[in-house]
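Please construct the entire structure, taking both the sequences and the accompanying hints into account.
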Amino acid sequence: SQQGEEDPQALSIQEGENATMNCSYKTSINNLQWYRQNSGRGLVHLILIRSNEREKHSGRLRVTLDTSKKSSSLLITASRAADTASYFCATDGWAGSYQLTFGKGTKLSVIP
Amino acid sequence: SAVISQKPSRDICQRGTSLTIQCQVDSQVTMMFWYRQQPGQSLTLIATANQGSEATYESGFVIDKFPISRPNLTFSTLTVSNMSPEDSSIYLCSGRRGGATNEKLFFGSGTQLSVL
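Residue numbers (the numbering used here), protein chains in the order written: chain A, 198 to 309; chain B, -9 to 106.
Keep in mind the hints are simulated off the structure, nothing from the lab. Predicted, not measured: the structure shown is a model, and the values here were computed from it. Glycine included, C-beta positions come from ideal geometry on N, C-alpha and C. Some clues are possibly wrong.
No farther apart than 20 angstroms at their CA atoms in a straight line, the calculated lysine to any residue pairs in the SDA-like style are these [unchecked claim]:
(1) Lys301/A - Gln31/B
(2) Lys(-3)/B - Thr64/B
(3) Lys301/A - Thr64/B
(4) Lys(-3)/B - Ser236/A
(5) Lys304/A - Gly30/B
Which residues of chain A face chain B? A few of them, derived with a C-beta cut under 10 angstroms, are [unchecked claim]:
(6) His242
(7) Ala279
(8) Ala287
(9) Gly300
Each pair of labels, with its calculated beta carbon distance range [claimed, not checked]:
(10) Glu44/B - Asp204/A: 35 to 41 angstroms
(11) Ile2/B - Arg247/A: 24 to 30 angstroms
(12) Ser17/B - Ala275/A: 33 to 39 angstroms
(13) Ser209/A - Val(-7)/B: 31 to 37 angstroms
(14) Arg5/B - Gly237/A: 21 to 27 angstroms
(15) Gln296/A - Gln18/B: 15 to 21 angstroms
(16) Arg247/A - Arg0/B: 35 to 41 angstroms
(17) Asp1/B - Ser209/A: 42 to 48 angstroms
Laid out in structure tokens, this is it:
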């Protein structure tokens, strides 16, 4: 089964800097989603990008998708201490699977 | 957005006992899932909770160990049976408004389980 693999596993930056996280996956997808998790609690959906889209923006978030490389990136601009969390990508299956497969996540620490 | 409430938020249990986790969703949610997140790891799907019938389990998870009920559209329980320290994880209830994967998942706040 496919699985998103994020890198880096952990990222520490200063407040105000940009944070970039990457996700790679193995098989074809319909869409890719990014989620955020604070301190081991429930996940919150951030953004979804479809396989026919290359870039999407939402506030300070920018997501790109390169289906030829089977990879996606999440950019958080002008980071804040409140952005400290773990970020996961999740992919579906091209063959109509209703399930999402989550990657291992990137733990982001934003230092005030 | 859909509302999902999950309880308990955490528990410490003795080996060999069982814990039942409850999940209540609002009427916007049609599909419900249970995930496990082992320490420092990603989420692994345990099963899809089906209304009024047996849950659909993923490879590596069995009904005897993780019995799931969904008696109506908005309520589900997951029981972790005969617990061992290896069951220490965060258990997450999630839901989606439709069957398509272009719908986002909503999550409960999770149950942090520690087994001694």
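Status of the hints after comparison with the structure:
no.	hint	result
1	Lys301/A - Gln31/B	holds (6 angstroms)
2	Lys(-3)/B - Thr64/B	holds (14 angstroms)
3	Lys301/A - Thr64/B	violated (29 angstroms)
4	Lys(-3)/B - Ser236/A	holds (17 angstroms)
5	Lys304/A - Gly30/B	holds (10 angstroms)
6	His242	holds (4 angstroms)
7	Ala279	violated (18 angstroms)
8	Ala287	holds (8 angstroms)
9	Gly300	holds (6 angstroms)
10	Glu44/B - Asp204/A: 35 to 41 angstroms	holds (38 angstroms)
11	Ile2/B - Arg247/A: 24 to 30 angstroms	violated (43 angstroms)
12	Ser17/B - Ala275/A: 33 to 39 angstroms	holds (38 angstroms)
13	Ser209/A - Val(-7)/B: 31 to 37 angstroms	holds (34 angstroms)
14	Arg5/B - Gly237/A: 21 to 27 angstroms	holds (22 angstroms)
15	Gln296/A - Gln18/B: 15 to 21 angstroms	holds (20 angstroms)
16	Arg247/A - Arg0/B: 35 to 41 angstroms	holds (37 angstroms)
17	Asp1/B - Ser209/A: 42 to 48 angstroms	violated (32 angstroms)
When held up to the earlier numbered hints, the structure conflicts with 3, 7, 11, 17 and fits the remainder.
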